[in-house]
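Engineer: Let the hints inform the model, and build the full structure from the sequences given.
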Amino acid sequence: MTKAAKILSIIFHPVFVTLYCMVTLYITTDIAETLSTVDNILVFSLIISFTIIVPCLAIWILYTRGKISDLNLSVRHERTPIYLISMTSALVCAYLMFAFLDIYFFVFFWVFAILSVALTALVNLWWKISIHSCGMGILCSFMVLMSMLYSIDILWLCGSLFVAGAVMTSRCLLGAHTVEQTLTGFGVGLGFGLIPLGLLLCVINNFLTFAAC
Numbered sequence: 019m020t021k022a023a024k025i026l027s028i029i030f031h032p033v034f035v036t037l038y039c040m041v042t043l044y045i046t047t048d049i050a051e052t053l054s055t056v057d058n059i060l061v062f063s064l065i066i067s068f069t070i071i072v073p074c075l076a077i078w079i080l081y082t083r084g085k086i087s088d089l090n091l092s093v094r095h096e097r098t099p100i101y102l103i104s105m106t107s108a109l110v111c112a113y114l115m116f117a118f119l120d121i122y123f124f125v126f127f128w129v130f131a132i133l134s135v136a137l138t139a140l141v142n143l144w145w146k147i148s149i150h151s152c153g154m155g156i157l158c159s160f161m162v163l164m165s166m167l168y169s170i171d172i173l174w175l176c177g178s179l180f181v182a183g184a185v186m187t188s189r190c191l192l193g194a195h196t197v198e199q200t201l202t203g204f205g206v207g208l209g210f211g212l213i214p215l216g217l218l219l220c221v222i223n224n225f226l227t228f229a230a231c
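Here this note's numbering is used: position 105 in the sequence shown is 123, and no number is missing along the way.
Misleading hints may appear alongside valid ones.
What the hints assert, rightly or not - The calculated lysine-lysine pairs, modelled on BS3-like cross-linking and capped at a C-alpha distance of 25 Å, are:
id : residue 1 : residue 2
1  : K85       : K24
2  : K146      : K21
3  : K146      : K24
4  : K146      : K85
As the list claims (entries may be wrong) - Here are the in silico distance ranges between beta carbons for each label pair:
id : residue 1 : residue 2 : range
5  : G216      : L140      : 17 to 25 Å
6  : T82       : L143      : 33 to 41 Å
7  : R83       : F180      : 17 to 25 Å
8  : R83       : F116      : 18 to 26 Å
9  : G216      : D88       : 33 to 41 Å
10 : Y81       : S165      : 25 to 33 Å
Just so you know, the hints here were simulated from the structure itself, not pulled from any lab data. Glycine is no exception: its CB is placed at the ideal position from the N, C-alpha and C atoms.
Structural biologist: This is the structure we're talking about:
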């Protein structure tokens, strides 16, 4: 059971969430056809470089220099530098995608996802909150957005909720977090991830109200 929990924690590590969201977008929509081959390569190159390689490299460098105790960032106060590096790198990625690619809504969504990480980092100064669960909340909120905007199969949302439950359970089984810490992390990620949808619905509602006048 412990081994399975560790595997789940690695596969669904927060650094992979952006990639999983983008892969879902590509599988369930025709975005690949609307972008050029170069742009498609650029999308995944930016995501892999700035949201996976940079954070992982930062963790490794800090670990080899003795700045953090372990690669799992078990010590609460040692997480702050990694959060700051990851958020900065993700913001650079979001800016580059906004500047060079026509996927503005994804960038808009991802900015709020980064804000959820910022809140998690802030709370982490006083209380150890689960960033794994926050990532799962972001993933689930993205599936909700995809269901609302692109009418993708409901199985995607159901699958993401199942995975989120499994990952959150794994974090508790490994003793990394309490139930309260995992639920709080999930709520933060889900809440911030749904803000873009709420704003979009407000805009649509105001437009329809104005048009009806």
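Engineer: Just tell me: holds or violated, for the beta carbon distance of G216 and L140 against 17 to 25 Å?
Structural biologist: Given about 22 Å between the Cβ atoms, the range holds.
Engineer: Given the hinted pair K85 and K24, is their Cα-Cα distance within 25 Å?
Structural biologist: 23 Å, holds
Engineer: Take a look at whether the Cβ-Cβ distance between T82 and L143 falls inside 33 to 41 Å.
Structural biologist: 25 Å, violated
Engineer: For the pair supplied as a hint, K146 and K21, confirm whether the alpha-carbon distance does not exceed 25 Å.
Structural biologist: 23 Å, holds
Engineer: Measuring from beta carbon to beta carbon, are R83 and F116 in 18 to 26 Å?
Structural biologist: Between R83 and F116, where Cβ atoms are some 34 Å apart, the hint is violated.
Engineer: Quick check: does the Cβ-Cβ distance between R83 and F180 fall within 17 to 25 Å?
Structural biologist: Since the Cβ atoms of R83 and F180 sit about 39 Å apart, the hinted range of 17 to 25 Å is violated.
Engineer: For the pair supplied as a hint, K146 and K24, confirm whether the alpha-carbon distance does not exceed 25 Å.
Structural biologist: Holds, because 19 Å separates the two Cα atoms, which is no more than 25 Å.
Engineer: Can you confirm whether the C-alpha distance between K146 and K85 stays at or below 25 Å?
Structural biologist: 18 Å, holds
Engineer: Can you tell me whether the CB distance of G216 to D88 sits inside 33 to 41 Å?
Structural biologist: Holds - the Cβ-Cβ distance for G216 and D88, about 38 Å, lies within 33 to 41 Å.
Engineer: Could you say whether the range 25 to 33 Å given as a hint is met by the Cβ separation of Y81 and S165?
Structural biologist: 39 Å, violated
The structure fails hints 6, 7, 8 and 10 (numbered hints given earlier, in ascending order).
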